[in-house]
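Residue numbers (numbering that gives the first Met the number 0), protein chains in the order written: chain D, 0 to 250; chain F, 0 to 771.
There may be inaccurate statements among the hints.
Stated by the list, open to error - To give an idea of the chain D side of the interface with chain F (calculated C-beta under 7 Å), a few residues: (1) 47; (2) 57; (3) 80; (4) 83; (5) 84; (6) 86; (7) 89; (8) 91; (9) 97; (10) 99; (11) 104; (12) 109; (13) 144; (14) 225; (15) 226.
Hint data in this document are derived by calculation from the structure and do not stem from the laboratory.
Values in this document were obtained by computation on a predicted structure and should not be read as measured data.
Glycine residues also receive a C-beta, built at the ideal position from the N, C-alpha and C atoms.
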Amino acid sequence: METMINGSNIIKRFGVGEEQVTVLNQVTIQVEKGQFVAIMGPSGSGKSTLLYAISGMDQVDSGEISFNNQQIEQMSEKQLADIRREQMGFVFQQPTLLKNLSLIDNIILPSLKGKKQIAQQEKRAESLMKKVGIPELRDRKITQVSGGQLQRAGICRALMSQPEIIFGDEPTGALNSKAAQEIMNILLKINEEGTTVVIVTHDAKVAAQSEQVFFMEDGQITEELYLGNYTGQNLESRMEKINEQILAVEI
Amino acid sequence: MYRKIIKNDVRDSKVITLITTLFITVAALLVALATILSVNLAGSIDTLMEKAQSPHYMQMHTGGVDQDRLAKFVKANGNVASYEVSEFLNLNGSDIQLGDHSFADSVEDNGLAVQNKNLDYFLDMENQPIQPKRGELFVPVAFKKQGLAKIGDKAKIAGKSFKITGFLRDGTMNSQMAGSKRLLLHQKDYDELFSKGKLEYIIEFRLKDPSKLNQFEAAYKKAGLEVNGPSGTHRLFKLGNAMSDGVMIGILLLISLLVVLMTFMCIRFTLLAKIEEDYKEIGVMKAIGLQLKEIKKIYLAKYAAISVIGSLVGYLMSIPLSYLLLKNIKLFMGESNNEGLSWLLAVAGVFVVMLLMIIYVYRLLNRFKKISAVEAIRFSGANEKVNTRTRFNLRHLVFFSVDTRIGIIDIMNRKKIYLTMLLVFMISTFIMIVPALVYHTSSSEEFVDSIGFSRKIDIAASLYQSTNSVENQAKIEDYLANDPDVELFSKISTKNFDVKETGAADSVLSVELGNHQKFPVDYLEGQAPRKINEMALSTINAEEYNKKIGDSIVMIREGHEEQFIVCGIYANLFNGGKTAKAIFKDTTAPLIWTDISIKLKDSSKAAEKMNQYKKDLPFAKMNNAEKFRDQTFGSTIQSIRIISIGALVVALVITSLITSLFMKLLLVKDKKEIATLKAVGLTNQEIRNQYLSRSLTVLVIGLGIGTLLSMTLGKTMSGLVSAALGGVSVQLTGSLLIYLGCPLLMLIVTYLTTRIVTAQAGKIKIAENLKD
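Sequences are here, hints too, so could you generate the full structure?
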């Protein structure tokens, strides 16, 4: 397997002086191409910070992070922006769509660069919306749709440039269980088609559907659990393994 | 507790607090300055005219004066409080030498006078009547300003030596617009020089009831008394004195009003943004049981503090500045007796503005009532109303870049926010363009056309009663007809006629007769008379007789009533502003004076030709039109120029401040959206471009509307101001430089400011703003 993300000895601190807190303490993590990875841990364990660090959205104090063998910390602001636009997709817990734009405009926005034909982008956006089940909402404003629908639109936006990897920061966190499962199904399908997925979650059911789970506590990865590809079966037993791990950590 | 809250808040939003305070400071400064200057100007003029006992009516006259007839008229009239026939010994410019400066080129009438006995006193710098000793010469204070004379300089008047002992204030001829300047000396020195000059009389009256000036003027003209020369009224002297500083103060007042308005908008915007930012905190405060009044107090505390500080600093700054600006007023007119009052009124003005601001903030804070504690805590941000019906989307307007499209869509969706910005840009454009238009108009060649003096005139020759014979007129006409350097000339004779109009009893109208198309002036309405039954009226006359175009006016000619149709109305700043123009021929009415306007083939030869005419036609009084214009309006135009430059700077500073304030607040408001845009791969540059397109789009709209307003409303407003000043309304004209240059400057300032401020967008961290 080919390594897509390779982070080693990552240190990230917040604050200054006596109030300084180390949020990531010598974290080392690898994500292989095509994997579906979940990062779990209690609040304040540093899981979201790790996600933002390995995706290049946040700077670290020390350590090395590479994406497709390119060192992220050495990239310029423009190079990072280009990578985020072309090769990465992001889905957040709260809908982070622009209030002024309709759903379809929000979806095509990152891909409107250079000479790409707008009609072509529109077509792709429409097909993605169809894929996630919101084709009829294309011209709605974001204030006119539900949280689940917004999250689907967020996924469409993340997929517009056919990225190699999707990062999700609690993508199901703000949704009810039905909507959360629908989003998971979409992410699993994307992963099945070859896109790497890394998500942060505190929901054992969500994590149970991933291939590998990293457990974090106090800024460190304390455990790794390899569950293998989820085929839609034995969810219960996968969840049990995760819960055992969580219990072990808590004890 | 309040001090702590204010301190924390200021620390968190230094730039925004600083800009808001700056606005309040500038508003207070301008309000204080405008108040101090206008109260002092009015006070100084009144003091000067009172101390000098300036006449209510004045008639200049060349030729003999029948003193007995005049005394009888005064006695019979009953409204005369005092009168005086003073002498003015008009000298050739070449006979006057002050220090190194010769007046040979002067176009003004410079002459000698002695102190009057009953009225129209010449005052020293303490506003006390001057009593010169022998060998002493007092010269007009305008010469000091122009650098033509210093105290202690030697002077030579028609060969006799004098020492310049001091400067004088002259209530009637103080202003640079007055065409004559009087130099004061001892009676015996005057008598010695008497033979060297041309004697003119100034017949002056102070009235018991100045409100009946019009009746008095008509009675004077009707009595067949001395009228051989220009006349003037109290109102005209006052206008002359107020003109250059008055225009400056008028523009200052306008600017200060607009800055106050902008300050209110600025406060509104920052406060609403702050409420939005603190939405959750306000909800919490409500939830823990704080009363609305208490929450309001917390917010009010900061604005009350910056209002007080800004107003105080502004007022304090106005003190040294007002001394600087009062210098000219004090030099020309002396101390005003209401200087103390002006300071008091300035404090009151600033206090009122400050109070209004605090009340305004208090009222804005009523919005707290609408904030529900539960909603605020649950949803953390105010649900900003977004227009969901906008027709624009990213797939429209494809000829613009994506960033510009996003910018425009944002403007369409958050119109309310940008409306404030738009209004400020409009007002800034207005502040910049209107004074520039006033300057352009007053400094343009055409300006004299619009105040009753044709710009085509190179030299004006005048014949007054004693020299105004048919023979002399014919001599000039023959001479000019044979002068190959003359392109065009035209004779206009001024005659007085009785007018028969109800409500204007006993009135006499001075009518200029001749061809009025050869040397045209600008008509505010209508046109020059072309038929013998047509007549054009000056604005003051049109107002006095209440006439509009198409109305008829009845005059008595040769004992018969004759009806004329008003065909045009023009502004006139000369001859007391009360003239009329017609083309009919008249042989019976007495001739007052005759003007012959001359246009040369080569205008640059005017000075040379003047000297030739003076030598060959000694009986006529020659005026070089260009110099006349320069000396008459030079200083007024100069102050308008200073004000226009000041206004330009103020407008640009305001534009820059407002742009940085708005952009900064927008960046704070849009932090999360900016982080989102960055997360999905937009570069800092692209995000900055979006903000640039917002500010520039709003600016372009503001510039368009502001320019249109300046062209329409600005013109009406300045028309009203000049009409209020002297019954003269002038049409403002502009140039491409103003209409393109001013907007271009604003564009550059806005562009640079937005670029500098939005550099901060680069500092917005994705993780900090998107992590839940």
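Results of checking the hints against the structure:
no. : hint : result
1   : 47   : 5 Å, holds
2   : 57   : 4 Å, holds
3   : 80   : 4 Å, holds
4   : 83   : 4 Å, holds
5   : 84   : 2 Å, holds
6   : 86   : 9 Å, violated
7   : 89   : 5 Å, holds
8   : 91   : 6 Å, holds
9   : 97   : 6 Å, holds
10  : 99   : 4 Å, holds
11  : 104  : 4 Å, holds
12  : 109  : 4 Å, holds
13  : 144  : 11 Å, violated
14  : 225  : 27 Å, violated
15  : 226  : 26 Å, violated
Hint check: violations occur at hints 6, 13, 14, 15; the rest are consistent with the structure.
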